[in-house]
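Q: One-letter residues, chain by chain:
There are 2 protein chains.
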Amino acid sequence: MHIDELGAEQVATALSQLQQQYEALRQNNLSLDLTRGKPGPEQLALSDALDGILEGDYRAADGTDTRNYGGLEGLPEARALFGSILGAPAEETLIGGNASLTLMNNIIDLALNEGLRGPDTAWGNSDDVKFLCPAPGYDRHFAICEHLGIEMITVPMLDTGPDMDIVEALVSEDSSIRGMWCVPRFANPTGCVYSDATVERIAGLGKLAAAHFLVLWDNAYAVHTLYEDAPPLASIREACLRQGTLDCVFQLGSTSKITFAGAGVSFAASSPDNIAALSRHLSFRTIGPDKVNQLRHVRFLQSLDNLQVHMAAHADIIRPKFEAVLATLERELAGTGMGTWLAPRGGYFIAFDTRPGLAREVVRLASDIGVKLTPAGATFPYGDDPNDCNIRLAPTFPSQADVEATAEAFVICVKLASLRQKAAA
Amino acid sequence: MHIDELGAEQVATALSQLQQQYEALRQNNLSLDLTRGKPGPEQLALSDALDGILEGDYRAADGTDTRNYGGLEGLPEARALFGSILGAPAEETLIGGNASLTLMNNIIDLALNEGLRGPDTAWGNSDDVKFLCPAPGYDRHFAICEHLGIEMITVPMLDTGPDMDIVEALVSEDSSIRGMWCVPRFANPTGCVYSDATVERIAGLGKLAAAHFLVLWDNAYAVHTLYEDAPPLASIREACLRQGTLDCVFQLGSTSKITFAGAGVSFAASSPDNIAALSRHLSFRTIGPDKVNQLRHVRFLQSLDNLQVHMAAHADIIRPKFEAVLATLERELAGTGMGTWLAPRGGYFIAFDTRPGLAREVVRLASDIGVKLTPAGATFPYGDDPNDCNIRLAPTFPSQADVEATAEAFVICVKLASLRQKAAA
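Protein chains in written order, with the numbering used here: chain A, 1 to 425; chain B, 1001 to 1425.
Chain A extracted, bound-state conformation (with noise of 0.2 angstroms):
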């Protein structure tokens, strides 16, 4: 029955009912942690025979004897193969080290305060410097904005990505928004993929948009499908070549969620004068990235074809964690009208939306019962969700068991604070 059908007498009798089961899952002292996108002990399985796979063979195909120093963007090998996940030719591929937040990172002090052609063109030169952050969307994005005093204008994301009218809007009129952030395919955390329309008009925005704009196109689930049928994205960069806007798009991605969280390899695809300047940035901070685990990936995970067939057996393991908690969040909230959420084709994440103003009780409802969620609020710029309606879930980590227990804990936690909230209007 939908909460604005229920009686106030109903309400009561519900809420009763609620406070035992929240009781009850209390005695349990559960320790379930639903909090950040993690792949599981037997994801990481799947690659465990990375350690060991050169075979004491540490040469590249072309000689490069990957044990010594050198070789700033990468081997060739991996650039070409981690290149054609961003859908970008290895020469306009860039291989770094285990993290993507750190060539983010470095692309954007670059930018700021170094200029990516030259010091004249520094973003920091000006007094302000804005970033569109779709939201809800990817915390660590956020906090590289809010650490480099960057200040972070909250776009709506729709189910196509971004609102499109809105970012053109602002880009157009205020020429102090330097650049965006986008999780194009499989976004975190809704699961969305950008529409085409949605591609095409972020490629344009670099015509629309002050000097030296950049979208920060992070592509951290290019691979990552949970069903055979999950929607494609499309190329950013043939939108950017159409458009003549490549140098507008740095694309990222690693294999942290392919292989190892962690001990995997980054990479960046941009323009190549883009991928110049970069290159030049990291020679001041590195020797060059760790090529002998650019090697072991590309013996590994050989080619973008064995590479699917990898993802394919991540996906057996994860659906069904993500299929029990969409189906008692159907089972339980579905026509309720507690609460609204998408079913991802891909990615790492469900985002959950609480009726407004609940997502911070429900979060403390959950841990005050032993079930970490992701703080409410995390996934919009300043840890500000105007109506405090956002909760991501993360499905990935824990065992199948424990996410059934989360999933059933986690509604009771909704159901609890909506007819409280009901019942107190």
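Keep in mind that the hints are not guaranteed to be accurate.
Said to hold, decoys possible - Covered stretches of chain B, going by a simulated chain A footprint (3 or more residues, C-beta under 8 angstroms):
id, region
1, 1093 to 1103
2, 1191 to 1201
3, 1256 to 1265
In case anyone wonders, no lab produced these hints; they're calculated from the structure. No residue lacks a Cβ here, since even glycine has one placed at the ideal position from N, Cα and C.
Let chain A serve as the given structure and place chain B on it in line with the hints.
A: Using the frame of chain A, we list chain B on its own:
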């Protein structure tokens, strides 16, 4: 015979012979390279067991799954082992990625732009920020300063380390001096080991200098001895503890010249407050370092004792290369007044001083016959060797035969340049 004692005719005769020898070398179409301090393939092979050493067991001693995210400061066993190289306890040690250069850059970025103890303490709040640069020194240290707009003040190197009378006078007088670079054991490139008195005086700089002064103690060659009787380095940490200045020193190191160059691990040690500040700084840049590679290194190197055995194997490979260069210098140049050099007891370099004004010319002469040397001036801030005399020889990477051929060609270039200078005088 000493060059000062040669008459005009002797000079002419010698020049004629040298010119012939030089032209003969040109006919050999040499392709030799003594430019960078890279380990040779035989050295790298000492660590080939690294890949595969985990044998499927990716768990750290405390049960941490190294394949997953987290652990900004590094694995406990890695902090303990690599801390011991620097003489620091595990809790004062942080493990970074594959390059200590990245840690150095992060430390300076933190102190310059964010402040070691919050924004009010950032060096960048002052108009001028200067660093003391003992020279000859390491070009990549100087490049970091130049890149970040930090003014460099050259300080002379003595056999005991930096000239501390000058250093102490400068930091006492000029509060815009915020730090100093040091390579304290087997200094790059002179090979000197800082004396106990110098270490103690450097530890005391924090009491003379401006607030939040930092010594970057790049102990890159901490365990890189060529001989068993190589002079030890006094503990900067103990000296700092005696003087209450642990906040003023960041020790740094890496396994780049222990295992694989560019595919090893880096580490930093400092006061607990500094390590906490660095860790927070890194939290915006990475979700954590590559713990799998840390675990590989701990399993492979095991202990400080075992590491010393491993380093002795390195020494057995490169000692003959150093000795070949030194023997040629001794045989051909001792007593001639055409150059001075030290015989290092460890490290990666031999620093050679020509007569004033000849380093560029010697490097050019060598280059013209296919012998690449480190560019003259590279060992000084801004590439400016005031006497144009220092040349850094790096004999580790080429084969024994190539090192010997290079040394022979080098001394001919030195003699040719020296006698031409005398003839023109």
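Q: For each hint, tell me whether it holds in the structure or not.
A: Now for the hints, and whether the structure bears them out:
Counting residues of the region 1093 to 1103 of chain B whose C-beta sits closer than 8 angstroms to any C-beta of chain A gives 5, which meets the bar of three, so the coverage hint holds. For a cut-off of 8 angstroms, the count of residues in the region 1191 to 1201 of chain B with a CB near a CB of chain A stands at 0, and the three-residue condition is violated. Coverage of the region 1256 to 1265 of chain B by chain A holds in this model, with 5 residues showing a Cβ closer than 8 angstroms to a Cβ of that chain against a need of three.
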